[in-house]
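Trainee: Listed in order, the protein sequences are those of chains A and B. With the first letter of the first sequence counted as 1, position 29 gets the number 29 in this note's numbering; the numbers rise by one all the way through. With the first letter of the second sequence counted as 1, position 386 gets the number 386 in this note's numbering; the numbers rise by one all the way through.
Careful, some of the hints might be misleading.
Unchecked claim - Quick list of in silico lysine to aspartate or glutamate cross-link-like pairs, DMTMM-like style, CA-CA up to 25 Å: (1) A:K200 / B:E622; (2) A:K196 / B:D243; (3) B:K22 / A:D285; (4) B:K573 / A:E311; (5) A:K11 / B:E594; (6) B:K123 / A:D285; (7) A:K200 / B:E624; (8) B:K617 / A:E311; (9) A:K242 / A:D44; (10) A:K129 / B:D267; (11) B:K269 / B:D243.
Calculated directly from the structure, the hints in this document are not laboratory data.
Residue strings, one per chain:
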Amino acid sequence: MNSHSLDYQQKTLLQRLNWQDWLYALIIIAGSVFAYIQYAQYMDIYEVGFLFGAAALFSYLGWQWKRLAKLVLIVGVVSLFSITLYHGDQARATQVFLLKYLVSSQSAVMWMNVLFVLAMVTYWFALFKRSVFVGKVATALTWSAVLFGFVGLMVRWYESYLIAPDVGHIPVSNLYEVFILFCLITALLYLHYEQKLNTKQLGGFVLLVINAAVGFILWYTFDRQAHNIQPLVPALQSYWMKIHVPANFVGYGAFSLAAMVASAYLLASKGFLASRLPSLEVMDDLMYKSIAVGFAFFTIATILGAMWAAEAWGGYWSWDPKETWALIVWLNYAAWLHLRMVKGLRGAVLAWWALVGLMVTTFAFLGVNMFLSGLHSYGTL
Amino acid sequence: MRFAVSLLSVLGVASIIGTVLKQNESYENYIIKFGQFWFGLFEHLGLYDVYHSGWFLVILLFLVVSTSFCIYRNGPHMIKEWRTFKEHATEKSLNAFGHQATYQLNSGAENAKQQLIQFLQAKGFKYKLKRQADGSELIAAKAGTHQRWGYIFTHVAMVIILLGGLLDGNLPFKVQEILGHKRIETLDIPESQVPDISRLDTNNPSFRGNMTLPEGSSGNVAFVRVRDGYLVQELPFRVALKDFRIEHYATGQPKSFESDLVIIDPDLKQPITKTISVNHPWTYKGIAIYQSDFQDGGTKLDFKVWDLFSPNTQTKPLAGAIFQIGILGNGGDTLKVEYNDFRKFNIINMSQDGKGKPHNVGPNITYKLRDNKGQAIEYVTYMQPMQIDGRHYFISGMRETVSEDFRYLRIPVDGDFGIDGFMNFRAVMLDASKYPEIARRIAAISLEGKKEPALKKQFETSVVQLLTVFAQGGYSQIAQVIEKSVPEKEREGAAGTYIKMLRVAAYEAYNMSLAANNKPLLPSGDDSEALLRDSLNSFSDMFFYGSPYYLQLEQFEHKEASGLQLTKSPGQKWVYLGSVLLVLGIFSMMYIRERRIWLLLKPASNQVLFAMASNRKNLDFEQEFNLYREQLKSLLA
Ligand code: HEM
């Protein structure tokens, strides 16, 4: 054996972990054990499963992606800090300075909105100036927006229990809440690929779609007062909601990311910004990866939805408009993947298709709620 | 392959139709919406129930067949690829690879071979050795070929899911219908009279039916809706509803719907009791019972009936129950009362801009009054007064057809928050014998000091006239009179005078009605002004109420009915199995990457040829190849 032999040895995940990783996992597990001891009487067996499943998942994800681990910890600390300021009284959200202007759920969400807008402007600025430093600032702004968004959701979760114990529920139950989730998931997916493929130049594009959602959140807040926490209708009181909705939004987020990369791809392939954007191959690859992730999660989400429907509506498939449109979205990306994998198709056609896919997805997400009625009626505008 | 993509697209487009056109509505609605011609055409195409139409099922079957065929064609190839090491590759073919490199060996070939094998193992590759005819040796290695199972899993999964779904569709019924063995029932007749040809027996493998049980009743059949009719599905047991409950949040929104059910089955020693609720069904003998909705189960109602146009305050009692029919009036003018619905809670957003919080405004009752020509007017009446713009009113709406919005009569509450104040006032206003007294009182106040009897007489006459006209048809009657007898230029002035005079008259009339009932008279002030204005408006609107009867709901005995859904779906476990396979398949297809490496050791030239390939060309592969090329270089150097 000579010294070279070690150069190519790949360590397994467990071998790569250092003491900080273990500490991180320990904190996560301790947190969930604490939550379990504290709230066991409110949870059914599935929810206990989800709690520890989530702990395992976040440990794993944090090991794979160190920045996510940091995010999880900071979100935890800030949320706990915010919660202690409430003293169990919801009215304090508008009375205590730090809550009112920083970390009540409402203000945290507003900070998220502001930071996303700033991040987008900064990304575009970095793109035109070809500035590495400004790009780093944009990335940092995006991370902060994500931080505030998650704090907003966590605190909102807590606030819902302050209204009344029976009103409390996880904040993924109406359009306002899932729009926040959409922004966060899309941003995280993007940040992940940005780090992996070094594609800061695409930030401005991806943040366009996120800021469209931010615009919606603002309109929904100020025009429709949608930020008020509403109790759950009986059909939504199910542990299924806790996994079905997030899985769906990983799908939506990934498809949106793919479409924004596709738009950059199309511009570059026509010669616009070509010298500033990543190479076509990288963008093509990113588009594929994100549609693949989206497709996998969307499949899971649809299956979970079917299982939920089987329990709530008496049939796993009712051809309700939302279900049907989920199927259409799924078929659309199945066709996309077929073309790419089987025919080996690449390039502009698939990029256009990904853009059309975003329209189909948007319709399934929003259009169905606006124009069609059905069993999924909780999300009407 | 192009075929698969087209099939997926066709299915997608076909699915859209059913979301654009609202499915399974009543056929009457479709006729109203589309007109006879289009209605007929659409019906022919099965557009009202697309997902159960023949042609849609054909698309699904086609998908099953073509996907099966695809598996049949590609499956063996995939398995072969999964197993093979491709150790028969020749030097010539390896040289043609896009991804390859050649290294000069320093040490002996045997040593290099050991190093390379260790390298491959460290990277998670499996390998096979093959000695070539020219004395060189080939190490053929592979990793991630399990990916090939992804194809088989996903596509077998699709076939299983589609077949499972078809099993739970209405295919057996469709076949029997085509053969003439079964027919849907379209008439609204009692269940016991539904003929055998429209009944499905307990052996039917799969169904999805509904059952409405009022509290305290039981049933042993479910109704399966098909197009514009239904089938009766017999059950192997009897279900009884002991109690149905709705719980509410503090805000009034519903929190839970629960039914206490009892199953009575000859196979059981004693009945089983179980509570179901939304998201918590119960399965017995393979039949799942769900809480799906609720409706009224025949609430008993007690009314006080006011005859709006009679100049007295007598009322008649009326008792009825939801789904029953009562009689109002006598002689040739009787009206049938069809009690349609009672709702105990009504959560309404009463704020004008819709931004306020919705809240509960209490019970309401919906009924139709049908005359002996068969014409009906629908009414909805709220039991308790509602607050609108700071004042309280009893609200009752009417409409002639379902396509119209309700038009509402708003009756202001009296000092005791009751309706009697208005009703007593109305009686005085309709009673011509009271007009001279009203006129006298007004004259006494407004003609103070002027003693000419002729003037007074004339004034009083005009008040009486005004009241008479108003009692014949409210403001619109007055408007008609003005239009007939006053020149156009003076009309506005005349109307103003009349309205003022009516206000004064209403004040006197209201006080007379209060005095007759030993109540304190109206205080002066804005509140009384508003009350009089509202009372006059309400009096005037009475003439558009469509019937002389106002049904004041006094008491009710609430009885609810629970809407259950009963399903038997043998395909469900297949669909779930298929789903698991699908997820496994998709993940293996996308996250396992098949890669192959060939290392050809050529002792003659003391060289190693390195070639690498993957069935998916992408960036990850490029990076991996570049990495390995460098690592091998330093390994062999
Ligand atoms: C029910 C209809 C079908 C559905 C839903 C379906 C779905 C899929 C999915 C999800 C993938 C995997 C894409 C990925 O890994 O991301 C795939 C791949 C593939 N499909 Fe289909 N498919 C269908 C019909 C067909 C048919 C009829 C054929 C044959 C012509 C076919 C041939 C293939 C092939 C060859 C692959 C790629 C396998 C590989 O390269 O590993 N599919 N399909």
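Trainee: Compare the structure with each hint and give your call.
Mentor: To see whether the hints hold, each was checked on the structure:
{"no.": "1", "hint": "A:K200 / B:E622", "verdict": "holds, 21 Å"}
{"no.": "2", "hint": "A:K196 / B:D243", "verdict": "violated, 60 Å"}
{"no.": "3", "hint": "B:K22 / A:D285", "verdict": "violated, 40 Å"}
{"no.": "4", "hint": "B:K573 / A:E311", "verdict": "holds, 14 Å"}
{"no.": "5", "hint": "A:K11 / B:E594", "verdict": "holds, 20 Å"}
{"no.": "6", "hint": "B:K123 / A:D285", "verdict": "holds, 23 Å"}
{"no.": "7", "hint": "A:K200 / B:E624", "verdict": "holds, 23 Å"}
{"no.": "8", "hint": "B:K617 / A:E311", "verdict": "violated, 43 Å"}
{"no.": "9", "hint": "A:K242 / A:D44", "verdict": "holds, 13 Å"}
{"no.": "10", "hint": "A:K129 / B:D267", "verdict": "violated, 81 Å"}
{"no.": "11", "hint": "B:K269 / B:D243", "verdict": "holds, 23 Å"}
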